[in-house]
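Engineer: Here is how the chains run, residue by residue.
2 protein chains.
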Amino acid sequence: MTAEQVARAAREASNMLQTISSAQKSAVLRRIKQVLSERRAEIVEANRLDKEAAKKEVDAGNLSSSLFKRLDIEGSGGEKYTTLLQGVDDVDRIADPIGQVTMARKLDDNLSLYRVVCPVGVCLVIFEARPEVVVNIACLAIKSGNAAILKGGKEATRTNQALAAAIQYAIATTETQEGQTKFPEKAVQVVSTRDEINGLLEMDRYVDIVIPRGSNSLVNFIKNNTRIPVLGHADGICSTYLDESADAAKAVHTVVDAKTSYPAACNSTETLLVHGAVVDSVFIEVARALLKAGVRLHADERSLAAIESAGLAQDPAVASLVTRATDADFGHEYTDLDLAVRVVDSLDQAIDHINALGSKHTDAIITEDRKNAEWFMRRVDAAGVYWNASTRFADGFRYGFGTEIGVSTNKTHARGPAGLEGLTIYKYYMFGAGQGSTDYGVGEGKRGFLHEDIPLDDGVRNKFVL
Amino acid sequence: MTAEQVARAAREASNMLQTISSAQKSAVLRRIKQVLSERRAEIVEANRLDKEAAKKEVDAGNLSSSLFKRLDIEGSGGEKYTTLLQGVDDVDRIADPIGQVTMARKLDDNLSLYRVVCPVGVCLVIFEARPEVVVNIACLAIKSGNAAILKGGKEATRTNQALAAAIQYAIATTETQEGQTKFPEKAVQVVSTRDEINGLLEMDRYVDIVIPRGSNSLVNFIKNNTRIPVLGHADGICSTYLDESADAAKAVHTVVDAKTSYPAACNSTETLLVHGAVVDSVFIEVARALLKAGVRLHADERSLAAIESAGLAQDPAVASLVTRATDADFGHEYTDLDLAVRVVDSLDQAIDHINALGSKHTDAIITEDRKNAEWFMRRVDAAGVYWNASTRFADGFRYGFGTEIGVSTNKTHARGPAGLEGLTIYKYYMFGAGQGSTDYGVGEGKRGFLHEDIPLDDGVRNKFVL
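Chains L and B supply the protein sequences, listed in that same order.
According to UniProt numbering, the stretch in the first sequence is residues 1 to 466, in order.
According to UniProt numbering, the stretch in the second sequence is residues 1 to 466, in order.
Worth flagging that the hints you see were computed from the coordinates, not collected in a lab.
The structure displayed is predicted, hence computed values, not measured ones.
Please note: incorrect hints may appear among the correct ones.
Claimed, not checked - With a straight-line cut-off of 25 angstroms between C-alpha atoms, the simulated BS3-like cross-links for lysine-lysine are: (1) B:K56 with B:K33; (2) L:K80 with L:K182; (3) L:K106 with B:K371; (4) B:K182 with B:K80; (5) B:K154 with B:K186; (6) B:K154 with B:K55; (7) L:K223 with B:K56; (8) B:K80 with L:K182; (9) B:K56 with B:K186; (10) L:K69 with L:K55; (11) L:K463 with L:K446; (12) B:K80 with B:K106; (13) B:K33 with L:K80; (14) L:K371 with B:K182; (15) L:K69 with L:K154; (16) L:K446 with B:K80; (17) B:K371 with L:K463; (18) B:K55 with B:K33; (19) L:K106 with L:K446; (20) L:K371 with B:K154; (21) B:K446 with L:K292; (22) L:K446 with B:K292; (23) B:K186 with B:K33; (24) B:K55 with L:K371; (25) B:K154 with B:K69.
To be verified - Which bits of chain L does chain B cover? Going by a derived footprint, with three or more residues having C-beta under 8 angstroms, they are: (26) 137 to 150; (27) 436 to 445.
Think of the CB as a built atom: it goes at the ideal place given N, C-alpha and C, for glycine as much as any other residue.
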């Protein structure tokens, strides 16, 4: 199938998905779990073949061992596959947002307006390696009534196809009750060749949103090559700022967590900003803990001087961890145990640094001063602004969303960790009795609008839930 | 100033706007109204010079007379200027959305998460002719805490500059109280040369959203030439479908309104779909009324036959209004007294036609059958789906939003007529006590998340309103 045929089939499936009930979606999810259990051996065998081929590439130096590791679908004791099956249940349990009324208004007698949550439509998800993404995204798309086109990495082609075949078989064999819309099989499609990606990115006529899951370079490539809205983030350049009144213990704990708990994550802190008043006190304690954890500090002149005068770098092994920062260190995502350090003279200077060089992802202030904290939270232009907490909390599961489609650094639609809401939008239903717009206005025989809000009690809120 | 300087100045203003209170915004709006009143003669004189120059262009055949008409800021009795001043008050009265909490959750003791409404940031508004847009958009931007860059048509340059100067003077001379952020003068900037538009469309680093107000070709140009999200619509191809059980009186009234009340509007109906069962009954009554109103019908074979067999086109003057439709008539925005007519054999065929050829703006079904109406509303992929009402109701004022930024046919962010909400997004505030992400999880010494919703009573909802 060409990219256009895939996209058009997804659009047609999307149209059918508009009249699928919550119960049907739930039945499909349960059936998917069942088929994935039944076909486990088959899927694991496809995965073994993918891994076998990938191993050769690793040995030849063409593939990284971390990517190889992510390819595995079973885990050493099969626990990854169990988690994958469990994930289907987890998605099934999330509340279904579709059909909910979020605004209701009586415009006039017999003329009412309802804003109703609906699926965005067709989602294109582009990801690398991890084949379990196929299952996760397919389930999220089904739950939110979206059609999904999944484009995985070529290393996982056999696994992805086996998973997609299982999902499509589950959809096809879920029973349809009398009067129900048949769940469309093309609700989930998997494409694998590299060529199709460019073609799909041009399908803005059929595709409503692109969700990239992968490296910065993948996301940047997508952002630069499509007119379709992209939900995601290219860079995660998070900063933590130690304010004048930062508590040393809180500073040490949050910064060590933010830098070392998972350095490759987008919500890891990459830049430490330090108020000049605490560079010889709080900062030294933080630096000592970071160096102990093996973090390489790229320090500006003033923080370097403080490290030296505190005698932190006397041990040669530690000294090798400390280097002088260059301009390129700021606004850079290391995704490793590296941290850029800069001393600032005021809260506003820290904010200006973040707004100029950050990536609008997540930034934290460590302070005992509520006024400064709130000023920082208002003025920093980022999806997450934290007071005395690690930037690593920026995550849909930690936020309690039950799932995460991605973390968005956009300023429109969805911002920050996006749950299922990121895959929904709304439309306006109007119920009339034959009115025309010219019936309303000023003058003889014209009517005025009432514009009365209809209270969103449960009956109204769920009026259009299927 | 270069496009980059303008965009960067707007970004800096946007940063400052984050700590401006509602009262300050209100004071600026009141001052704007005052200055616009005081400078009325000056602004009207600038407008006279613009009109004088434009008149020569009209006489030379380089400018349309409708564009010339839209250039006027006074109206014959000064009523347009009065409306403009009134509009400032109207915006002032809209509820301020900024700082409202829309979600609050206790993640743990001393670890809380708040989703707080904030401005999108920097808006670029590109419009043609109508200089009153400068005032309207400037006020909406101020009210929603956004920085605005306004790019008007060259015909209105003097008027736009005079209005912008008045607004900036009003901002500069609004008193700032002790402890308040000074309202940034660059919150509203007007640029006028044609060259700047391309430069500004490249400023995705500084500009968060583009709002085009003008012709299809303007909007299409913008959509094709920027990576910045665009809030608006290029085409308004709205359809009305006469179902099998359509009531004739409702059909006549809504269709005549939808086609004739303002044919140039984007929410006018361009296509009439007719169920085969009513082509010789309800449709004939509708056609008769439309022809009487001077509407040119571009009819497909079956509707044409019905018109002929009903004898509607016996009068040669009326006959000239009826032509055979070509494929190009469907999915075409006439913006005039033209209507494409097509007969379909089922509700689903009507829906398929709309989903394939419509522009996702607003579509209506005329029927007495609630089941068919709801099926249509769910299945039609459009911002507005109406039952027994004219498509012309798709408008922010008619919806009761108090204002309209634009009508969006996007599937993300804002859909349909967008009020002030279209200029807002949210960010997550997290309040901690020094926690790290590794404090949570499974195992000894690890804590679990509480994820308890904090009820949104007025205190919580307004916690961060300034």
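Engineer: For the pair supplied as a hint, K55 (chain B) and K33 (chain B), confirm whether the alpha-carbon distance does not exceed 25 angstroms.
Structural biologist: Roughly 29 angstroms separates the two Cα atoms, so the pair is violated.
Engineer: For the pair supplied as a hint, K154 (chain B) and K55 (chain B), confirm whether the alpha-carbon distance does not exceed 25 angstroms.
Structural biologist: Holds, at roughly 14 angstroms.
Engineer: Is the Cα-Cα distance between K446 (chain L) and K292 (chain B) 25 angstroms or less?
Structural biologist: Holds: K446 (chain L) and K292 (chain B) sit about 22 angstroms apart, inside 25 angstroms.
Engineer: Would you check the hint for K371 (chain L) and K154 (chain B), treating anything up to 25 angstroms between C-alpha atoms as holding?
Structural biologist: violated, 46 angstroms
Engineer: Assess, step by step, whether the Cα of K106 (chain L) is no farther than 25 angstroms from the Cα of K371 (chain B), and give holds or violated.
Structural biologist: holds, 21 angstroms
Engineer: Between the alpha carbons of K56 (chain B) and K186 (chain B), is the straight-line distance 25 angstroms or under?
Structural biologist: violated, 34 angstroms
Engineer: Straight-line Cα separation of K371 (chain B) and K463 (chain L) no greater than 25 angstroms?
Structural biologist: This hinted pair holds, its Cα atoms lying about 14 angstroms apart.
Engineer: Quick one, are K55 (chain B) and K371 (chain L) close enough, alpha carbons at most 25 angstroms?
Structural biologist: Given pair K55 (chain B), K371 (chain L) is violated - Cα atoms ~57 angstroms apart, limit 25 angstroms.
Engineer: Given the hint that K69 (chain L) pairs with K55 (chain L), test it: the Cα-Cα distance must not exceed 25 angstroms.
Structural biologist: holds, 10 angstroms
Engineer: Is it true that the CA of K80 (chain B) sits at most 25 angstroms from the CA of K106 (chain B)?
Structural biologist: violated, 51 angstroms
Engineer: Is K80 (chain B) within 25 angstroms of K182 (chain L), Cα to Cα?
Structural biologist: violated, 55 angstroms
Engineer: Checking one constraint from the list: CA of K186 (chain B) to CA of K33 (chain B), max 25 angstroms. Satisfied?
Structural biologist: Holds - the C-alpha atoms of K33 (chain B) and K186 (chain B) are around 18 angstroms apart, at most 25 angstroms.
Going through the hint list in order, the structure does not satisfy hints 1, 2, 4, 7, 8, 9, 11, 12, 13, 18, 20, 24 and 26.
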